[in-house]
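Chain by chain, the residues:
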Amino acid sequence: MTKKILSVDDSASIRQLVSFTLSREGYEVVEAVDGTDALDKVRSWPVDMVITDLNMPNMDGIELIKALRSDPAFKFTPIVMLTTESVMTKKDAGKQAGATGWIVKPFKPEQLVAVVKRLLV
Amino acid sequence: MMDAQKNLYREEAYELLAVLEDALLELEQHPGNMEVVGKVFRAMHTIKGSGAMFGFDDIASFTHTIETVYDMIRNGRLQVGKDIISLTLKACDHIKTMLGTIQGEEKADEAKSHKLTEAFRKFLPQKEEETPGGMGKSLPEVASDRDAGEAGTTYRIRFKPHQDLFSNGTNPVPLLNELRGLGECSVICHLKGLPELQEMDPEGCYTGWDIILTTGSDANAIQDIFIFVEDTSDISIEPIGCILQDEDDLAYKKVGEILLERGDIREGDLEKALASQKKIGEVLVETGVVKRSQVASALMEQEQVRGTRKKHLAGDETSSIRVPALKLDALVNLAGELVTVQARLSEFSARENDPDLMGIAEDVEHLSAELRDIAMGIRMLPLGTTFAKFKRLVRDLSSELGKEIGFITEGEETELDKTVIDKLSDPLVHLIRNSIDHGIEQPDKRIASGKPVQGFIRLTAEHAGAHVLISITDDGAGLDTGLIRAKAVEKGLIAADATLTEREIHKLIFAPGFSTSTNVTSVSGRGVGMDVVRSSIESLGGAVEVISAPARGTTITLKLPLTLAIIDGLLISLADESFVIPLAAVVECVDLTGADISRGHGRHLIKVRDEIVPYIHLREVFDTRGKRPEREQVVITDLAGKRVGFVVDKVIGEHQTVIKNLGHLFKATNGVSGATILGDGSVALILDIHKLIQQAEVDDAA
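Chains as they are written, first to last, in our numbering: chain A, 1 to 121; chain B, 1 to 702.
Each hint should be verified, as a subset may be incorrect.
[Claimed, not checked] Residues from chain A that keep clear of chain B, each with C-beta distances beyond 12 Å, as calculated:
id, residue
1, K4
2, S11
3, E28
4, V30
5, M59
6, R69
[Unchecked claim] Not everything, but these chain A residues come out facing chain B in the computed CB check (under 10 Å):
id, residue
7, F74
8, F76
9, T100
[What the hints assert, rightly or not] Derived lysine-lysine pairs resembling PhoX-like cross-links, with alpha carbons at most 25 Å apart:
id, chain 1, residue 1, chain 2, residue 2
10, A, K75, B, K160
11, B, K160, A, K91
12, A, K95, B, K160
Rather than coming from a laboratory, the hints here were simulated on the basis of the structure.
Quick caveat: nothing in here was measured; it's all calculated off a predicted structure.
Beta carbons: idealized from backbone N, C-alpha and C, even for Gly.
Whenever a hint applies, use it, and build me the whole structure from the sequences.
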């Protein structure tokens, strides 16, 4: 069965890169522009994995992760956060919130694919 | 990059290299053949292009210069010569090593890449370096993590997640799969911390894993896989040691073996002691120190390290399907059993005279014969590939020794059991080396004795009855009987006044520790070769013969049995006993009448189709009791062109013969090579006609 992945980012170019790279690998990707949009989307479109940016308007990544983890349906769903190297504290906060893994920006498409494969059976 | 694709590339590259090597040798013979030059160029081009696509950047950059050189040859701007061909052959070998590197077996030598590349550059004018289209620029040397000096290291990885591993969405399964992707990997799961069911948190992780991984990647690559779970698990990654270091361990002997060697104990004592001794793992489990899974994990580690080492020693095999020989043997054995049962069925159906049953029996007979042939066929391989290997050997050795030698092979299509072929390679190398080193003379000497400058070595294979004959013939100086004799006396192999025929003297070269070469060269002359050749051929149930004429050359013939588990036989009877003669050696059967015997005037000779054929009376050989039947039959056999008849009471007919060994007790029995079980359950001996003829010759001479 095709695995579904939600890409959450306020930057359209990042969303597109994620979407393009993963579709090519045979995943189905849906995009959300921020945390609120993401929570909205997953209600009608259950996903197998979430890849989210941390800095976003309305609801940021940390909050999104917390919200998803408190929902029994997403208790064990792998969640990957996209961080920048400079903000290590954010990464720790994300881990605290329940993120499964992270990708440091900027990243190469291969790195993204490797992480997805590492987390998704 | 997908491993499957890499493997695909590797397979393809090995094939291309074989094509390349062939083409190069051909090019050496016909330097002007542009078609062959094109072949070389295309092979190089494909190796290079695919190499870059599949991440073999080192190969891609290495082949680039070579490709450029052949591009120039192709365009007529460079003349192909012996030096270029030799260099390219060396490069082929190097590419093979580089392909092996990725398998994590051997570290490619960058210095060697550089040296070879430089050597090729010499053929290029300075500005011509970037000629061929497509991948214009030479690729940068990519130092992959595999080159970090950790080629083929085995790691012991312990991965014990904390109980809350799942709570952040981690699934350990893809991690284990990723480890498997790095190399040869065994995983064992520990359930030591698993609580009783009522105490268990269904969302907690209680399991841990021990992973033994043999990989060309370094510890960092492994660490990288666990990067997301570092905080939520206990992870340890330890190298268990490099394969190469461990090889020394092979030399260590166990105390029992040493005692046995010194004669302090007998084999029985050792076995008894070993049987009474409990394995250390069992003792520890019984005393409750460790769990069974922990012992299993340790054993797994041992197994993998051993396996890796073995593989490392086995070297570079590239065959595409690999089946354990044991499985093939089992298949052949089962086919044999089936044939035996089928024989019983046929006999029973013939007795019952039931048409339906006979129909079924016939079908079974056809099917089991076909199954037998296929089962045997799987193990049969043509000798061609073995022979082809020697082309290169002859070429390299002769140029090293400054001799000119042509190499001719015949009968490459002759098939032999794979187990025999495998053991044949080393003896043949010895013999061919001997021919090159001792047989063929130096060019000036050849001219002096009126021979063509170029010597030749002919390697031939042919079927002869139930045997295959492999001959190595050279047109060299021949064996020096005087020298051999003197040497044998000096080594104490024969008495100084012994009278020996020429043939007997020739046979002395197979004696242990014999060598006539005054100088020990890198090629031969240590005096171990011929002795080893003889014993390894004999261990295959074969024989070695040497025929030599001074100044004319030497022929060494290896006579190998087909050593098949099942053969077609001709069933014959003597009194009320049955025997089998291998059908492959049988030419025809004729009657032996009283008139024939009287015409022989006391000699065992019979006239068949105007040809006088000697015969052996099997009743005499086996001291068979009872009266000779009035009308006997002669089975005429043909061994290496020599016709010999065997007189039997009665020829019964063809019989599919499943060969059973006679066992150690009957090893010394002359003239019998095995036994088989007939349809009615009785035993028939299989006659070794070669031995019988030899024996008769000896008796005749006495």
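Structure-based check of all given hints:
1. K4: holds (15 Å)
2. S11: S11(A) is indeed farther than 12 Å from all Cβ atoms of chain B, at 24 Å.
3. E28: holds (18 Å)
4. V30: holds (18 Å)
5. M59: holds (19 Å)
6. R69: Violated, because the least Cβ-Cβ distance between R69(A) and chain B comes to about 8 Å, which does not exceed 12 Å.
7. F74: Hint holds; F74(A) Cβ to chain B Cβ min 8 Å, cut 10 Å.
8. F76: holds (5 Å)
9. T100: At about 4 Å, which falls below the 10 Å cut-off, the nearest Cβ of chain B leaves the hint on T100(A) intact, so it holds.
10. K75(A) - K160(B): holds (21 Å)
11. K160(B) - K91(A): holds (23 Å)
12. K95(A) - K160(B): holds (19 Å)
Violation of the numbered hints given earlier is confined to hint 6; every other hint is satisfied by the structure.
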